[in-house]
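Visitor: Turn these sequences into a full structure, and let the hints guide you.
Spelled out from the first residue to the last, the chains are:
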Amino acid sequence: MRSFIEAVKGLGITTRHFFVNMYYHILRFFHITGEKGETVTIQYPEEKRETFPRVRLRHRLLKREDGRLRCVACYMCATACPAQCIYIEAEEDPEHPLEKKPKHFVIDLGKCAYCGFCVEACPEDALRMDVHIPELSEYNRNELIYDIEELTRW
Amino acid sequence: MEWAIAIAAKVVIIFTWALLTVLYITLLERKESAVIQDRIGANRASVLGLRLNGFFQPYADALKMFFKEDYIPPFVDKPFYLLAPVIALFFALVPVGAIPVADSITLFGKKFTLSVIGSNVGVVLILSLLSLAIYGVIFGGYGSRNKYGLLGGMRAAAQIISYEVALGLSIIGVLLVFPSLDLNEIVHMQNRYILGGWVPLWGIILQPLAAILFLIAGMAENKRVPFDLPEGESEIIGYFLEYSGMKFGMFFVGDFVEILLLAALFTTFFLGGYNFPWLFADGFHFPWGNSIALSPIAVRIVQFITFNIKLWIMIWFLLLVRWTYPRYRYDQLMDLGWKSLIPLSIFNIIITAGIMAVIK
Chain W
28 MRSFIEAVKG LGITTRHFFV NMYYHILRFF HITGEKGETV TIQYPEEKRE TFPRVRLRHR
88 LLKREDGRLR CVACYMCATA CPAQCIYIEA EEDPEHPLEK KPKHFVIDLG KCAYCGFCVE
148 ACPEDALRMD VHIPELSEYN RNELIYDIEE LTRW
Chain L
312 MEWAIAIAAK VVIIFTWALL TVLYITLLER KESAVIQDRI GANRASVLGL RLNGFFQPYA
372 DALKMFFKED YIPPFVDKPF YLLAPVIALF FALVPVGAIP VADSITLFGK KFTLSVIGSN
432 VGVVLILSLL SLAIYGVIFG GYGSRNKYGL LGGMRAAAQI ISYEVALGLS IIGVLLVFPS
492 LDLNEIVHMQ NRYILGGWVP LWGIILQPLA AILFLIAGMA ENKRVPFDLP EGESEIIGYF
552 LEYSGMKFGM FFVGDFVEIL LLAALFTTFF LGGYNFPWLF ADGFHFPWGN SIALSPIAVR
612 IVQFITFNIK LWIMIWFLLL VRWTYPRYRY DQLMDLGWKS LIPLSIFNII ITAGIMAVIK
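Residue numbers (my numbering), protein chains in the order written: chain W, 28 to 181; chain L, 312 to 671.
Keep in mind that the hints were calculated from the coordinates and are not lab data.
Just to be clear, a hint being listed does not mean it is correct.
Stated by the list, open to error - Just so you have them, the derived chain W footprint on chain L, three or more residues with Cβ under 8 Å: (1) 378 to 391; (2) 547 to 558.
As the list claims (entries may be wrong) - Partial list, derived from the structure: chain W residues whose beta carbon lies under 7 Å from chain L: (3) Leu38; (4) Thr66; (5) Val67; (6) Cys142; (7) Ile175.
Remember, it's a predicted structure, so these values are computed and weren't measured experimentally.
Cβ coordinates follow ideal geometry from the N, Cα and C atoms, glycine included.
Guide: Given below as structure tokens:
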């Protein structure tokens, strides 16, 4: 008898969850409120979870105020990289003969371990990993190799 | 000739209704479990960009089931293996035809029952067909030639046979109160009112203990979650281990048809069947004096809608039970069946019979 009472109590818990959630679902269905109640689902493509501010995701290359890349092709990041996924080729900057600039700056995000050492190594603050886009999936591995053009676009 | 047309029309209409209901039981199962567990549930299936919160999901599921690879393992015992899903579905679906969805109607000078099998021994028919359904389970387990499948089948057989006793005995209490084997008659007799015409004399009011026993035994017959030892999808693999594609789908649909059947039987025996309170053959007669006259057709429509509402409430409750409890252990299952349900149902019969004898 005691176990029967406990079983009925259990039914009470699921019934409460059902009706509380159903109340919010009906309100949402008719666009009365946007509240979710106890529901924890995030409807992914339409609704995205907020990323944390210190999260390390895709890289980006920053530019100076006059539009040139901050990167001076010092190879610090490529040296620090444990996955060896950064490839840099330097050339002389024709307008500012004292400076170098990268001819190629390529990151293979398929190899990248997202450790952030390259960002810490950079003396010019040219490289950051704060593009808050978690979708980094492609059908082809080659499409994960990002060059200057893609790294400066975010 | 008219007789044949009437039968054909009833078969088509009632089984279409039953299968549509079953289709949406699968959706209700997914959505209700989701809502209970603080999720949203399937809502992606769309037709022309129209999602309607998963309204089309059952059709997508059915299509998927049809187009899955139907693999027959080389070692199976083919006749039994192929027969099992057909039996499981057939003997779940046929008893649905015996349930009256509305009162019998007189058309063109002839009386038609609104159930496919308008038998005057409907209760016995349903019980006997239900006990034949066990062959689907045993053949499935035996024909798979697989140790685990066979064990699942044996567990299912033991469980169904044990609980069928309690199921039948709990119905006897109802039959003592409503002395008829005709389901339509039983529903008719529940259209009486007590306490000055305010309280309908439904089975659940006269036989509350039988209602609980019938529900528990019925769920065990269904092989659903508190009693799902024969299936045990993830751990103690069950009798349909070797089945895939639509053959598995038939077992699956058979399960859901059994839910419909159990809910319909419970509605018929204990919730007054298609009776809307105070709705009689010629319309409403309220206890406060008013009455609304309705044509016979309109009465049947109201009865059919009432039956569906009661049915869905019962289905909702059965699914709620399924998503609330964990599984019984095998000895607990047998203890519950033989040491609690059967003695209680015999007790119920004795008490009911005694009271009926005193009243008479």
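Visitor: Are any of the numbered hints broken by this structure? If so, which, sorted upward?
Guide: Of the numbered hints, 1, 2, 6, 7 do not hold.
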